[in-house]
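S.K.: Under the UniProt record's numbering, the residue at position 158 of the sequence shown is numbered 158, and the numbers go up by one with no gaps.
Rather than coming from a laboratory, the hints here were simulated on the basis of the structure.
Keep in mind it's a predicted model, so treat the numbers as computed, not measured.
For every residue, glycine included, the Cβ atom is placed at its ideal position computed from N, Cα and C.
Please note that the accuracy of each hint is not assured.
What the hints assert, rightly or not - Label-pair distances were calculated between CB atoms; the ranges are:
id: 1; residue 1: ILE17; residue 2: PHE74; range: 18 to 26 Å
id: 2; residue 1: ASN27; residue 2: ASP167; range: 34 to 42 Å
id: 3; residue 1: LYS78; residue 2: ALA103; range: 12 to 20 Å
id: 4; residue 1: PHE74; residue 2: ALA182; range: 19 to 27 Å
Claimed, not checked - Simulated crosslink set (DSSO-like; lysine-lysine; CA at most 30 Å straight-line):
id: 5; residue 1: LYS4; residue 2: LYS63
id: 6; residue 1: LYS4; residue 2: LYS122
id: 7; residue 1: LYS183; residue 2: LYS78
id: 8; residue 1: LYS78; residue 2: LYS64
id: 9; residue 1: LYS4; residue 2: LYS99
id: 10; residue 1: LYS102; residue 2: LYS148
id: 11; residue 1: LYS95; residue 2: LYS200
id: 12; residue 1: LYS102; residue 2: LYS4
id: 13; residue 1: LYS169; residue 2: LYS64
id: 14; residue 1: LYS200; residue 2: LYS171
id: 15; residue 1: LYS68; residue 2: LYS152
id: 16; residue 1: LYS4; residue 2: LYS162
id: 17; residue 1: LYS99; residue 2: LYS78
id: 18; residue 1: LYS102; residue 2: LYS183
id: 19; residue 1: LYS130; residue 2: LYS77
id: 20; residue 1: LYS122; residue 2: LYS200
id: 21; residue 1: LYS169; residue 2: LYS4
id: 22; residue 1: LYS63; residue 2: LYS78
id: 23; residue 1: LYS183; residue 2: LYS169
id: 24; residue 1: LYS183; residue 2: LYS99
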Amino acid sequence: MFYKFLRSTVRIIFWIINGHLHIHNSNYIPEGNYILAAPHRTWWEPFLFAIAAKNTEFVVIAKKELFKNPIYRFLLKKCNAFPVDRANPGPSAIKIPVKELKAGQRSFMIFPSGTRHSDQLKSGVFIIAKLANKPIVPVIYQGPLTFKGILKRQNVEIRFGKPIYLDRKIKINNENTPILYAKLENAWQELDNEQNPNFKYIPK
């Protein structure tokens with residue numbers, strides 16, 4: 001209930017302060033639940049992806065330090081977030097999403113790129129997809145990279161890609177993980193090119 005209330009509230013606030021959210025290829029979102037995977041570019045992306053995915057409710061990872069604050073802890077739990085040590089993710093980073101995906105009620109949102117996640121989390125997206133037998137849906141954000149740009153009502157573009165289905169027989173190991181991750185990165189690049197090939201994001 002709180003999740004839906006928060007999503008609706010964020011949608012209204014964003015419409016008031018920006019009003020230029022454009023969603024593309026939402027027809028690629030599969031029936032049932034799935035793994036939404038995106039390159040991390042801004043802190044407000046998770047909120048916009050949740051809006052763009054319409055009625056999908058997501059489980060998300062949050063760094064464990066945020067849960068030390070009682071207010072943040074309350075809000076994060078209400079938003080279906082669970083704590084993970086980014087330096088040493090541990091088995092919960094796999095078990096919790098797999099359990100949620102198998103239950104069939106919620107999808108899982110992850111940002112397996114950049115310096116915000118360890119290599120373990122990068123490979124984890126494929127382990128989760130295989131164990132839960134769920135597709136990975138690539139998605140990208142193009143738009144202002146500062147909140148000032150949001151307030152200036154610059155266009156915000158969200159583009160979904162075709163679901164990626166893993167072969168259940170494939171082994172997630174040191175040999176195959178780079179191949180799978182390259183496929184995911186290529187999907188992101190294709191979406192960026194489709195939306196605006198001149199868009200550039202430089203990780204900070």
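S.K.: Just to be careful, I want the Cα atoms of LYS99 and LYS78 compared with a cutoff of 30 Å; is the pair within it?
M.R.: holds (18 Å)
S.K.: Is the gap between the beta carbons of ILE17 and PHE74 within 18 to 26 Å?
M.R.: The hinted range 18 to 26 Å holds for ILE17 and PHE74, with Cβ atoms some 25 Å apart.
S.K.: Has the hinted range 34 to 42 Å been met by the Cβ atoms of ASN27 and ASP167?
M.R.: violated (24 Å)
S.K.: Going straight from one Cα to the other, do LYS95 and LYS200 come out at no more than 30 Å?
M.R.: violated (35 Å)
S.K.: Quickly compare the C-alpha distance for LYS183 and LYS78 to 30 Å and report which way the hint goes.
M.R.: Violated. LYS183 to LYS78 sits at ~33 Å, over the 30 Å cutoff.
S.K.: Regarding the pair LYS102 and LYS148, is the alpha-carbon distance no greater than 30 Å?
M.R.: Not satisfied, since the Cα-Cα distance of roughly 40 Å exceeds 30 Å.
S.K.: Next pair to validate is LYS130 with LYS77; report whether the Cα-Cα distance is within 30 Å.
M.R.: holds (26 Å)
S.K.: Verify the proposed pairing of LYS183 with LYS169, using a straight-line Cα cut of 30 Å.
M.R.: holds (17 Å)
S.K.: Take the C-alpha atoms of LYS183 and LYS99, compute the straight-line distance between them, and say whether it is at most 30 Å.
M.R.: holds (25 Å)
S.K.: With the threshold set at 30 Å, check whether the alpha-carbon distance from LYS68 to LYS152 stays at or below it.
M.R.: Roughly 34 Å separates the two Cα atoms, so the pair is violated.
S.K.: Against the 30 Å threshold, does the CA-CA distance of LYS4 and LYS99 hold or violate the hint?
M.R.: holds (21 Å)
S.K.: Has the given pair, LYS4 with LYS63, been kept, meaning a C-alpha gap of at most 30 Å?
M.R.: Roughly 22 Å between the alpha carbons, so the hint for LYS4 and LYS63 holds.
The structure shown violates the earlier hints numbered 2, 4, 7, 10, 11, 13, 14, 15, 21.
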